[in-house]
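Chemist: Residues per chain, in single letters:
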Amino acid sequence: MGALLTVFRKEFLENLRDRRTLFSALLFGPLFGPLLFGAMVTRMLDQNSFEADQSLQLTLSGGDRAPGLVQFLRSHGVTLRAADLSEEAARSAVIDGRESVVLIVPADYAQRFAAAKPAPVLLVADSTDAQNRKNADRARAILGSYGGGIAQQRLQMRGVDPLLTVPVAVNEVDVATPTGRAVAVLGFMTYFVLFALLMGGLYLAIDSTAGERERGSLEALLSLPVPRAALVGGKIAATCAYMGVSLAVTLCAFVVVFHFVPLERLGMSANLGPGTALALFAICLPFVPLGATLMAFVASFTRSYREAQTYLTVVLLVPTLPIAFASIYSLKTRSSLMLIPSLSQHLLMTSVLKAEPVHVLDVVVATLSCLAVAAVLFTLTARHWRRETMLG
Amino acid sequence: MIEAQGLDKRFGSVHAAQDVSFVARDGEITGLLGANGAGKSTSLRMLYGVLTPDRGRALVDGLDIAGETSRARAHLGVLPHASGLYGNLTARENIAYFGALHGLAPAALEVRCNELAALLDMRDFLDRRAKGFSQGQRIKVALARALVHDPRNLILDEPTNGLDVMAIRSLREMLAGLRAAGRCILFSSHVMQEVAALCDRVVVIGAGRVLADASPEEMRRQTGAASLEGAFLQVLGSADGVG
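For the record, the sequence lines run as chains X and D.
Sequence positions in the first sequence follow the working numbering and run 1 to 392.
Sequence positions in the second sequence follow the working numbering and run 1 to 243.
Take these hints with a grain of salt, some might be off.
What the hints assert, rightly or not - A few chain D residues facing chain X, derived, Cβ under 8 Å:
| hint | residue |
| --- | --- |
| 1 | Arg73 |
| 2 | Val78 |
| 3 | Gly84 |
| 4 | His102 |
| 5 | Gly103 |
| 6 | Leu104 |
Said to hold, decoys possible - Stretch-level coverage of chain X by chain D, calculated; a stretch enters the list once three of its residues show a Cβ under 8 Å from a Cβ in chain D:
| hint | stretch |
| --- | --- |
| 7 | 14-23 |
| 8 | 85-97 |
| 9 | 358-364 |
Unchecked claim - In silico lysine to any residue, SDA-like type, Cα no more than 25 Å apart, as pairs:
| hint | chain 1 | residue 1 | chain 2 | residue 2 |
| --- | --- | --- | --- | --- |
| 10 | D | Lys131 | X | Arg9 |
| 11 | D | Lys131 | X | Arg19 |
| 12 | X | Lys117 | X | Ser55 |
In case anyone wonders, no lab produced these hints; they're calculated from the structure.
C-beta: ideal position from N, C-alpha, C; glycine also.
With the sequences and hints as input, model every part of the structure.
Modeler: Have a look at this one:
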């Protein structure tokens, strides 16, 4: 036990002096997720409100040929800007980005309209730009409803029931709920939490195993009268400590971000105060030793820092798999799923964030399954460290 | 005292050590001389117990390194071929880390670090981080690390590699001092002059076998060679890789 503490203290102190470890454990890992998350959500909200609030801007050429159409567009909240553009000029203006959507009323419009023949209008837009495409869609919808209205009037004037032209009436029922949408967003968030947690221990796990070998200090260490399990235990304990700090910083950052992001507008309750953060910390804590032993185990087999980094980057993706699986099959919280580490943390965290009730038994099962996997990985790592191939 | 008793080790098809037996006595410096790849490091690694021999035993002060690993190692200081330091720790912290793992109390460690700093002339860089150390400074710290628990036996694998003339000289003086204090010192080298200058006993190793085990003087007599160098060359049969 004394040796384990000695190793723990040394690894903790040594990595505290390492800028790379500190950067990844305390800055990049914990802050990257919350900031990206905040930016993403804010942007989503901005775009939605932009479309709802802003009226459609349309550049109109030859509007005087179609007074009825102009009036209809105005009455539907379209802001019109008159311009005199030929088709070619409109094309190049849209390509250059000077205009977003241009509507051209050709010279023969009035004459064909009066003769009840299809009267042409030209809608020029660039569909590669998402915003322009949306504007063009809106313009097309309004033009369509103008045309539909005119058609009905014409049929009525000829004594035909306009309903004859509507053989099928489609009624859409959208069952998307605000919570359903929120799950996708929460999936991101829980992944960021687990990612930061692993990131916090990444460099320490590498440095204390593959790094020790690359530096050439491993053999001297292995020739000491210390059980290998104590060496491995101390290194893993130090890795856990960094991961715990990283987890705490991440959750604090999320509390701050949630404070500024108006999540209610996405239909989510901003249920992340200090109390919730504490609950999330408790939920994730059992995943810390699992992640630490997993990284130490993988890194013990590698010969160099670089090799360890390559393999551990893959390990960082491991917690995404169950979460991705959960969102594809839209898994609901079930007690049997609590046996799967990372998925159980994801489901429990999601429940807490949605202020749903969490069963104590689920938390117990999730915790025990994480600790059991960690114990197995620890045993395997210690066994590997006892082998002479460990010298490399 | 360090004893190798019929140590045998294979790595796949390579027979790295074949029935290696010799004794390194207290109050003597024993040199393990051989070309690169002759089996010096493999033999030493079995003696300090990081490699397990396929056959044979390694004893430190009569303690079997395989059976009583921790007790045997407590009697043993090791300077492996690769003796890297922790760059973010100071020289003192590097030494103290190993001392603490040997079970030394903080107060005793403090005293011992200062002793070693005086002995190895490290006071100038004792509290600097090891990151920018020269090869000579690194070896000194690694040696202090091996000596921190004041072991009765010391194994050094090619300690003079990369050292300049002055550093080699101070290392020799240090080893001579330890011999005078009755310690058992076993070190490997591929440099004949070094072994000739320092050793009371030379074990010549080639292709994984012990070719000769005698004092330098005996070896010269037995081979009838005019110089020690001639004697070594005669034992080795060829000078390949031994300078």
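Chemist: Under the constraints set out in the numbered hints, which ones does this structure not fulfil?
Modeler: 6, 8, 9 and 12
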